[in-house]
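Engineer: Residue-level listing of the chains:
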Amino acid sequence: MVIDLSPFYGSTTPFDRLLESLWTPLSISQRGISYPPLNISEDDDHIYVRCEIPGMNIDDLDLTLTDSSLVIKGERKSVKGKYYRQERPTGSFQRMVNIRTPIDRDNVTARMKDGVLEVTIPKSEDNKPKKISIEAS
Amino acid sequence: MSETAVKRDERKLPRVKPATDVIEKEDGYYIYMDMPGVAKEDLVIDLNEDDIRVSGKAEYEAPAGRKIGHVEFGNGEYFRSFTVSHQVDKDRIKASLVNGVLELHLPKAEKSQPRKITIQQG
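Listed in order, the protein sequences are those of chains A and B. Following my numbering, the numbering of the first sequence begins with 1 at its first residue and continues without gaps. Following my numbering, the numbering of the second sequence begins with 1001 at its first residue and continues without gaps.
There could be a bad hint or two in this list.
To be verified - Restricting the straight-line Cα-Cα distance to at most 30 Å, the calculated cross-link-like pairs of lysine-lysine (BS3-like) are:
(1) A:Lys82 <-> B:Lys1067
(2) A:Lys80 <-> B:Lys1090
(3) A:Lys77 <-> B:Lys1108
(4) B:Lys1012 <-> A:Lys80
(5) B:Lys1108 <-> A:Lys130
(6) A:Lys82 <-> B:Lys1094
(7) A:Lys77 <-> B:Lys1017
(8) A:Lys77 <-> B:Lys1025
(9) A:Lys80 <-> B:Lys1067
(10) B:Lys1090 <-> A:Lys77
(11) B:Lys1017 <-> B:Lys1111
(12) B:Lys1116 <-> A:Lys113
(13) B:Lys1040 <-> A:Lys77
(14) A:Lys130 <-> B:Lys1067
(15) B:Lys1108 <-> A:Lys82
(16) B:Lys1111 <-> A:Lys73
(17) A:Lys73 <-> B:Lys1090
(18) B:Lys1094 <-> A:Lys77
(19) B:Lys1067 <-> A:Lys131
(20) A:Lys73 <-> B:Lys1040
(21) B:Lys1057 <-> A:Lys113
(22) A:Lys80 <-> B:Lys1057
(23) A:Lys73 <-> B:Lys1017
(24) A:Lys77 <-> B:Lys1067
(25) A:Lys113 <-> B:Lys1111
(26) A:Lys73 <-> B:Lys1067
(27) A:Lys82 <-> B:Lys1025
Simulated from the structure, these hints should not be mistaken for lab results.
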């Protein structure tokens, strides 16, 4: 299952903004449809992707980073036994996050804590706005 | 006074029923619960007679200056309770929390394990 989160970066057109306003309630109800659920936030220097994947070691996860996307892949294995109730999802999953900004691929870090994966992607230096001083002649 | 303040504080977090598996194996029952974001310190397991209550809080810090792009999960309080059968040896219940999954092992009591009945000849 691949989910494309297209207008993540730079939603400037009115149409994009309209889409975004429609998204806010929708994104909550998306819980349960797309697995694993993830949150994306950013500040001036980094993009943070947080993902709820309980019961996985970070070594069992397959994180692939290209210039424009981050792919999180893995498989949740089930326990053998006689099931009385099964609500936890099992099987392989995959999610893709599109990144529409230049990133510093060599300094991406990922860590897992209490079943929550956090990937920190630094934005590339080239992309930062620079102040140009104008000298009055 | 303070009790109501605590209650109001708890009500802020939405309650979530954690996804749970209940499995029977040879050495007893196992309950697995997905509780991502819950640290060991924030997890409370109460056993009261036949009731097990599990609750845990998941809170994510939101540093100032971060813009939120896309949200699918958030802070929450996990809560779920179970009634334990009489077959379970309540003194030997074990719990462990690894990578956001709580494992409860409920071993069967000795007397409920199947045994052969010897027939005495009269």
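Engineer: Please go over all the hints and tell whether each is borne out by the structure.
Structural biologist: Checked hints:
1. A:Lys82 <-> B:Lys1067: 46 Å, violated
2. A:Lys80 <-> B:Lys1090: This hinted pair holds, its Cα atoms lying about 23 Å apart.
3. A:Lys77 <-> B:Lys1108: 25 Å, holds
4. B:Lys1012 <-> A:Lys80: 38 Å, violated
5. B:Lys1108 <-> A:Lys130: 68 Å, violated
6. A:Lys82 <-> B:Lys1094: 19 Å, holds
7. A:Lys77 <-> B:Lys1017: 21 Å, holds
8. A:Lys77 <-> B:Lys1025: 17 Å, holds
9. A:Lys80 <-> B:Lys1067: With Cα atoms ~43 Å apart, Lys80 (chain A) and Lys1067 (chain B) exceed 30 Å; violated.
10. B:Lys1090 <-> A:Lys77: Holds, because 28 Å separates the two Cα atoms, which is no more than 30 Å.
11. B:Lys1017 <-> B:Lys1111: 33 Å, violated
12. B:Lys1116 <-> A:Lys113: 48 Å, violated
13. B:Lys1040 <-> A:Lys77: 23 Å, holds
14. A:Lys130 <-> B:Lys1067: 21 Å, holds
15. B:Lys1108 <-> A:Lys82: 15 Å, holds
16. B:Lys1111 <-> A:Lys73: 46 Å, violated
17. A:Lys73 <-> B:Lys1090: 39 Å, violated
18. B:Lys1094 <-> A:Lys77: Given that 30 Å is the threshold and the Cα spacing comes to 22 Å, the pair holds.
19. B:Lys1067 <-> A:Lys131: 22 Å, holds
20. A:Lys73 <-> B:Lys1040: It holds: about 27 Å lies between the C-alpha atoms, which stays within 30 Å.
21. B:Lys1057 <-> A:Lys113: Cα-Cα ~14 Å, so holds.
22. A:Lys80 <-> B:Lys1057: 29 Å, holds
23. A:Lys73 <-> B:Lys1017: OK: Lys73 (chain A) and Lys1017 (chain B) at ~25 Å, within 30 Å.
24. A:Lys77 <-> B:Lys1067: 35 Å, violated
25. A:Lys113 <-> B:Lys1111: This hinted pair is violated, its Cα atoms lying about 41 Å apart.
26. A:Lys73 <-> B:Lys1067: Holds, because 26 Å separates the two Cα atoms, which is no more than 30 Å.
27. A:Lys82 <-> B:Lys1025: Status holds; Cα separation ~7 Å.
Hint violations for this structure: numbers 1, 4, 5, 9, 11, 12, 16, 17, 24 and 25, all remaining hints satisfied.
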